[in-house]
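If you want the building blocks of each chain, they are given just below.
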Amino acid sequence: MDKATTLPGLPDAGIVLAAPAGDWRDAVETAGRALTASGATDDGYGADMVRMVEEHGPYIVVAPGLALAHARPGRSVLRDGLAIVTLAEPVAFGHPHNDPVRVVLALAGASSARHLQLVAEIANIFNDSDAVERLAAARSADEVRGILGVGA
Amino acid sequence: MKILTLCGAGIGTSGILKVNAERVLSRLGIEAEVVAIDASMLEAELEDAQVILTGPEFVERIGRTFADVIVVENFFDTAELQRKLEAALG
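Quick note, the sequences are listed as chains A and B, same order. For reference, each letter of the first sequence is one residue, going 1293 to 1444 in the numbering used here. For reference, each letter of the second sequence is one residue, going 427 to 516 in the numbering used here.
If you're looking for bench data, these hints aren't it; they were derived computationally from the structure. One should not assume that every hint holds.
What follows is a list of derived Cβ distance ranges for each label pair [what the hints assert, rightly or not]:
1. B/Glu448 x A/Ala1444: 30 to 38 Å
2. B/Glu512 x A/Asp1335: 12 to 20 Å
3. A/Asp1315 x B/Val497: 24 to 32 Å
Reference excerpt, derived from the structure (chain B facing chain A, CB under 10 Å, subset only) [said to hold, decoys possible]:
4. Ala435
5. Lys444
6. Val445
7. Arg449
8. Asp464
9. Gln476
10. Val477
11. Glu499
12. Asp503
13. Thr504
Quick look at which bits of chain A chain B covers, simulated, 3 or more residues with Cβ under 8 Å [stated by the list, open to error]:
14. 1317 to 1325
15. 1362 to 1376
16. 1380 to 1394
17. 1398 to 1406
18. 1410 to 1416
Ideal Cβ positions, reconstructed from N, Cα and C, are used throughout, including at glycine.
Can you make the complete structure from the sequences, with help from the hints?
This is the structure we're talking about:
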């Protein structure tokens, strides 16, 4: 596989560290606002991400402590985008194995094909590593970008 | 052989399962086509599928099938995936 990442940049506006969140919805909405602040989506996308969980359950909690929030490509997606939210206190999403969530990675893809490609690259970051732990403990935006191997 | 990975939108968590399943299958020397789908595509894709990989939420959605349904807990843990694929295919 190609080593060079095609993940989009992650500006400071797309990173929220130690965010307070009362529940899973709050956590996903915070990630939605970060995507919008970074210029990747309009503010409808956060609501779309919440709706995915309402419709299909907490399946976006793909690994212990990590939620991969996303919705389908559509009018709300202005360009490919990433956001990272680390939570001040872990939040239960209702997943049978991987709760509680400490890190929300929100993803927007401009097309389905592109979304799948981005997900594949994200899988490479999180495979066989302690990336979730390191993200949860990150204290600066640069540290987050370093763990993900992306620029600003 | 055809393997389906199933999730809500067919482009997120099913994509992770697809990438990692392909990695494990090549490690095991097994040739297979891995297709990421959402629930609305299930009926059309199910007939010739041998294995379905998914999370705990989607099992009930699948209904009656001759395919092996494998429920994955940690989507990034290729060791878990390899163990479960070997058990289903071996």
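Going through the hints against the structure:
{"no.": "1", "hint": "B/Glu448 x A/Ala1444: 30 to 38 Å", "in the structure": "holds (31 Å)"}
{"no.": "2", "hint": "B/Glu512 x A/Asp1335: 12 to 20 Å", "in the structure": "violated (45 Å)"}
{"no.": "3", "hint": "A/Asp1315 x B/Val497: 24 to 32 Å", "in the structure": "holds (26 Å)"}
{"no.": "4", "hint": "Ala435", "in the structure": "holds (5 Å)"}
{"no.": "5", "hint": "Lys444", "in the structure": "holds (8 Å)"}
{"no.": "6", "hint": "Val445", "in the structure": "holds (4 Å)"}
{"no.": "7", "hint": "Arg449", "in the structure": "holds (8 Å)"}
{"no.": "8", "hint": "Asp464", "in the structure": "holds (9 Å)"}
{"no.": "9", "hint": "Gln476", "in the structure": "violated (22 Å)"}
{"no.": "10", "hint": "Val477", "in the structure": "violated (18 Å)"}
{"no.": "11", "hint": "Glu499", "in the structure": "holds (4 Å)"}
{"no.": "12", "hint": "Asp503", "in the structure": "holds (7 Å)"}
{"no.": "13", "hint": "Thr504", "in the structure": "holds (6 Å)"}
{"no.": "14", "hint": "1317 to 1325", "in the structure": "violated (count 0)"}
{"no.": "15", "hint": "1362 to 1376", "in the structure": "holds (count 4)"}
{"no.": "16", "hint": "1380 to 1394", "in the structure": "holds (count 4)"}
{"no.": "17", "hint": "1398 to 1406", "in the structure": "holds (count 3)"}
{"no.": "18", "hint": "1410 to 1416", "in the structure": "holds (count 5)"}
Violated hints, in rising order: 2, 9, 10, 14; the structure is consistent with all others.
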